[in-house]
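Following the hints, position chains B and C against chain A.
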Amino acid sequence: MSWFAENGLLVGLALLDGLSYAAAVFMVAVGLNLVFGVMRVLNVAHGSLYAIGGYAAASLGLFVASLGAPPWAGLPVLLAAAVLVGALLGPLIERLLLRRMQDQEPVLQLLVTFALFMILEDLQKLAFGVQPVVFDAPLKWLGTVDVPFGADAIPFTAYQLYVLPGVALATLAILAVVLRYTLVGRMVVAVTVDREAARAMGIDAAKVTLLTFTAGAALAALGGALAAPTVSLVPGVGASTIVLSFAVVATAGLGQIEGAAVAALLIGLGRSFAVYVAPEFEVVVPYAIMVTVLLFRPQGLFGVAETRRI
Amino acid sequence: MSVLLSARDLRLAFGGLKAADGIDLDVEGGEFLAIIGPNGAGKTTFINMTTGYLKPQGGSIRFDGQPILGLSPRRIVALGIARSFQLPQLFTEHTVLQNVALAVAAREGRLSLMAPLLRRAFRDEAAELIGRFGLSGVAEARADALNEGTRKLVDIAMAVALRPRLIMMDEPTSGVAASEKMAIVETLVRVLRGAGVTAVFVEHDMDVVGRFADRVAVWGQGRIAALGPPREILNDPEVQRTVIGIVPAGGVHAPA
Amino acid sequence: MSRRAETLLALAGAALVVGLAYAVPWLRFVLTIALAKGLAVLGILLLLRAGQVSFGHALYLALAAYAVAFGTAVVPEALLLVPAAGLLAGLVGLVIGLFVVRYREIFFGMLNLALSMVFYSVLEKFYAITHGADGIRLGPVTFLGLPLAGETAEWTVLGLALVLVLGFGALVRVALASPWGEALAGIKTRETRLDFMGVSPRRVLLIAYVASAVMAGCGGALIALTTRHVTPALAYWTTSGELVFIAILGGAGSVLGPFLGAAAYELTRVYAAALVANAWQAVLGIVLLCVIVFAPGGLWGLIARRRRAA
Chain A
1 MSWFAENGLL VGLALLDGLS YAAAVFMVAV GLNLVFGVMR VLNVAHGSLY AIGGYAAASL
61 GLFVASLGAP PWAGLPVLLA AAVLVGALLG PLIERLLLRR MQDQEPVLQL LVTFALFMIL
121 EDLQKLAFGV QPVVFDAPLK WLGTVDVPFG ADAIPFTAYQ LYVLPGVALA TLAILAVVLR
181 YTLVGRMVVA VTVDREAARA MGIDAAKVTL LTFTAGAALA ALGGALAAPT VSLVPGVGAS
241 TIVLSFAVVA TAGLGQIEGA AVAALLIGLG RSFAVYVAPE FEVVVPYAIM VTVLLFRPQG
301 LFGVAETRRI
Chain B
1 MSVLLSARDL RLAFGGLKAA DGIDLDVEGG EFLAIIGPNG AGKTTFINMT TGYLKPQGGS
61 IRFDGQPILG LSPRRIVALG IARSFQLPQL FTEHTVLQNV ALAVAAREGR LSLMAPLLRR
121 AFRDEAAELI GRFGLSGVAE ARADALNEGT RKLVDIAMAV ALRPRLIMMD EPTSGVAASE
181 KMAIVETLVR VLRGAGVTAV FVEHDMDVVG RFADRVAVWG QGRIAALGPP REILNDPEVQ
241 RTVIGIVPAG GVHAPA
Chain C
1 MSRRAETLLA LAGAALVVGL AYAVPWLRFV LTIALAKGLA VLGILLLLRA GQVSFGHALY
61 LALAAYAVAF GTAVVPEALL LVPAAGLLAG LVGLVIGLFV VRYREIFFGM LNLALSMVFY
121 SVLEKFYAIT HGADGIRLGP VTFLGLPLAG ETAEWTVLGL ALVLVLGFGA LVRVALASPW
181 GEALAGIKTR ETRLDFMGVS PRRVLLIAYV ASAVMAGCGG ALIALTTRHV TPALAYWTTS
241 GELVFIAILG GAGSVLGPFL GAAAYELTRV YAAALVANAW QAVLGIVLLC VIVFAPGGLW
301 GLIARRRRAA
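Sequence lines, in order, name chains A, B and C. Be aware that the first sequence starts at 1, since it is given in full-length UniProt numbering, and climbs by one per residue. Be aware that the second sequence starts at 1, since it is given in full-length UniProt numbering, and climbs by one per residue. Be aware that the third sequence starts at 1, since it is given in full-length UniProt numbering, and climbs by one per residue.
Chain A on its own, in the form it takes in the complex (with noise of 0.2 Å):
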């Protein structure tokens, strides 16, 4: 009772914090597991373009505001530069090298991916500098709000209470909807499901894996863009996201996307629990989570087991 009483309040903020945090790596991990279902491929580069959506994004916000632009334009500007990054960069990557690496053996598949974070990673460095970026314009602009919480409140940003777990849940919505309900979501579960048969159905199952593969970049760029605001981008952060979102991944399940908001709220709240409460786990928490859950469901905590067939 004394305890909560004393840290009743970093245990709001925790849980505030990790919701906002799990929604961010909702965004980026969402988008590699759809990429990975169609394309069996796990695109190391994808956290790359979570920073290049980052940067874009700032760097765009901050020209648009030197324009003179009022505050709230900050706010579309994320956005635009998610979808322009994605629309870019993602037709590019996979025409030009994902499609003709297709039937190369899976580490090789890999190890392409690999080469173009190692390419991306500098590309962002000439391109945006090695100095820290931020624009926190539409932090400021949206204010904070105060969170009762027990006797108390808690103040915390409107932008990371409502903007971002919005903006991943209507995105989780959209793609369960699409997937389910719209002829190209279910050319995409298709393709998902079993390659060929999905080809001898008719299904242009090269234009699937272009849609799903640019759909996943724009996905990451957002995360990049949305999370922009309430962090300094630096060098590197597009490595550190990467091997989160893999850990997401590989807790949800490979394929899954409802799983992957599971897991995202698992690693994110863990991590915030752990920033409060032993700050040197906190890198350490979204493994240990997903060691875990491997150790007792080998295929994620979503996924379905294969059996090796005979």
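Hints in this document: simulated from the structure, not taken from any laboratory. Computed from a predicted model, the values in this text were never measured in an experiment. It cannot be assumed that every hint is accurate.
Said to hold, decoys possible - No farther apart than 30 Å at their CA atoms in a straight line, the calculated lysine-lysine pairs in the DSS-like style are these:
id : chain 1 : residue 1 : chain 2 : residue 2
1  : C       : Lys188    : B       : Lys55
2  : A       : Lys125    : C       : Lys188
3  : B       : Lys18     : B       : Lys55
4  : A       : Lys125    : A       : Lys140
Said to hold, decoys possible - Heads up, incomplete: computed chain C residues facing chain B, CB under 10 Å, no partners named:
id : residue
5  : Gly181
6  : Glu182
7  : Thr192
8  : Asp195
9  : Phe196
10 : Met197
11 : Arg203
12 : Leu206
13 : Ile207
14 : His229
15 : Ala233
16 : Val293
17 : Ala295
18 : Pro296
Cβ atoms here follow ideal geometry from the backbone N, Cα and C, with glycine treated the same way.
Only chains B and C this time, still in chain A's reference frame:
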């Protein structure tokens, strides 16, 4: 003759499909027992249960008096049951000789690290076995470069290399050109009789069954519908209607 | 290629290394690092034989490097430090291996990645012991009781590296042709068959995993003795990626591949860093892409093809 393999009241259902619904079956030492029946009747499931790949929901299997249910495939191999596969399971990047030699090495126990796989003893035994299967010509060919009939034989040769007392073969001639089938059967009869091994095999081709089997078990909806010598079973009108009629591969035995 | 030809090539390569190190003094450092990394990559090659990629072997590299760095304070003797560090890596590899050999492909790679990232953050966060990102300097080192310094030290560590490389290379060459080695390759093509031959694929893979940890450990110990300064960057996942990169660059077809790859990698890195300081990583990425697209057998594959054609 003594009973080598004895299944009692085996039960296994996949959802609503009953692959085994109270199977009782004895395999005599030294006999060749064929299992026939329509697709999806549970024939392969029986092999999978006996070799440790699937665990039944009820019943028991004894091999040479010892209960083997729940044992891993590896333990069961060690007891003396080997199997071949409907889709040959070969190490595709290895040669035929390496495939068979690896089986020989595996039989010899712990895989050694410091002596070559193709040392004299293993190479000679593998080559001799490959010769018995009439495959000496392709011994140095990579396993993924073979035709289906040859793959089937290599698959079975690998099982024989384990020197089992019982071998379970899943459709040894399916996917093989009709012209090659009988040659494969002749080879198998010669090698397996020569090795003194007991054999259980699932088969759709009634000519193969007639030539190969000492006894035939008819599988139908998870139960054994009939059991007896091939002449009796294959000429049974009920079996002809339900099993052979459904499977067009029946050839001369198919009803007019 | 025949064992004789490979042995001759290996000895010629060793002679070339010594000759180059004599003629071009600054290459001594580069070549020692290349040999050390090649040793770690030799372990990666074992896992590649089974079709598995570890994105976490930097763990063993860094573990052994730190063990040597701490060890110099207790026992400064290089001839004790290197085997002890290799042994430690092997023991940790055994414990982790018992867990990870139950997984395949993406999960295998990602679990290794996750565990190495845990170790990385331990190195980073426990400043009191590890000095965090600053890393720690090695104390004075002796060889057979004689203090190592200056040029003598460079030659001694290079010699030690050559001995280890030739020794492990010969062992791996023999082991790969043994029943165990062929069964290891069988995990890649038809793992289930192994079970039905009475062989445990997990045990086969575990031996490879522990051996790979020992080799990565010896490589890490050599790196520590060469750079005389260890940092958490050794454990970062990009270091693991680098090892896999080198394996593909060199080619998995021969035990000589890793060393060919490591030499090419380190030299490319040195020249790329000198020519395009801001984009050396991108240059490496492009090299990797070119190798995968145009020479999937790696550099060794190119040589072997030429020999066959001749």
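Okay, the hints, checked on the actual structure:
A distance of roughly 26 Å separates the Cα atoms of lysine 188 (chain C) and lysine 55 (chain B); the hinted pair therefore holds under the 30 Å criterion. With a CA separation close to 38 Å, the supplied pair lysine 125 (chain A) and lysine 188 (chain C) exceeds the 30 Å bound. Taking the CA atoms of lysine 18 (chain B) and lysine 55 (chain B), the gap is near 14 Å; set against the 30 Å cutoff, the hint holds. Restraint check for lysine 125 (chain A) and lysine 140 (chain A): the C-alpha separation of about 27 Å stays at or below 30 Å, so the hint holds.
Among the interface hints, the one on glycine 181 (chain C) holds; its C-beta lies about 7 Å from the nearest C-beta in chain B, closer than the 10 Å criterion. Using the Cβ-Cβ criterion of 10 Å, the hint placing glutamate 182 (chain C) at the interface with chain B is satisfied: the shortest such distance is roughly 5 Å. Against a cut-off of 10 Å between C-beta atoms, the interface hint on threonine 192 (chain C) holds, since the closest Cβ of chain B lies about 6 Å away. For aspartate 195 (chain C), the interface hint holds, since its Cβ comes within 10 Å of a Cβ in chain B; the closest pair sits about 5 Å apart.
For phenylalanine 196 (chain C), the suggested interface contact is upheld, since its CB lies about 5 Å from the closest CB of chain B, less than 10 Å. Because the beta carbon of methionine 197 (chain C) sits about 4 Å from the nearest beta carbon in chain B, less than 10 Å, this interface hint is met. For arginine 203 (chain C), the interface hint holds, the least distance from its beta-carbon to any beta-carbon of chain B being 9 Å, beneath 10 Å. This hint is violated: leucine 206 (chain C) has a C-beta 12 Å from the nearest C-beta of chain B, more than the 10 Å allowed.
Given the 10 Å rule on beta carbons, the hint for isoleucine 207 (chain C) holds: about 7 Å separates it from the nearest Cβ of chain B. Because the beta carbon of histidine 229 (chain C) sits about 36 Å from the nearest beta carbon in chain B, more than 10 Å, this interface hint is broken. The interface hint given for alanine 233 (chain C) is broken, as the beta carbon of that residue sits about 34 Å from the closest beta carbon of chain B, more than 10 Å. Taking 10 Å as the C-beta contact cut-off toward chain B, the hint placing valine 293 (chain C) at the interface is violated, the least distance being around 22 Å.
The criterion of a C-beta within 10 Å of any C-beta in chain B is not met by alanine 295 (chain C), whose closest approach is roughly 19 Å, and the hint is violated. The restraint placing proline 296 (chain C) at the interface with chain B is violated, with a minimum CB-CB distance near 14 Å, outside the 10 Å limit.
In summary, the structure is inconsistent with hints 2, 12, 14, 15, 16, 17 and 18 from the numbered list given earlier, while agreeing with the others.
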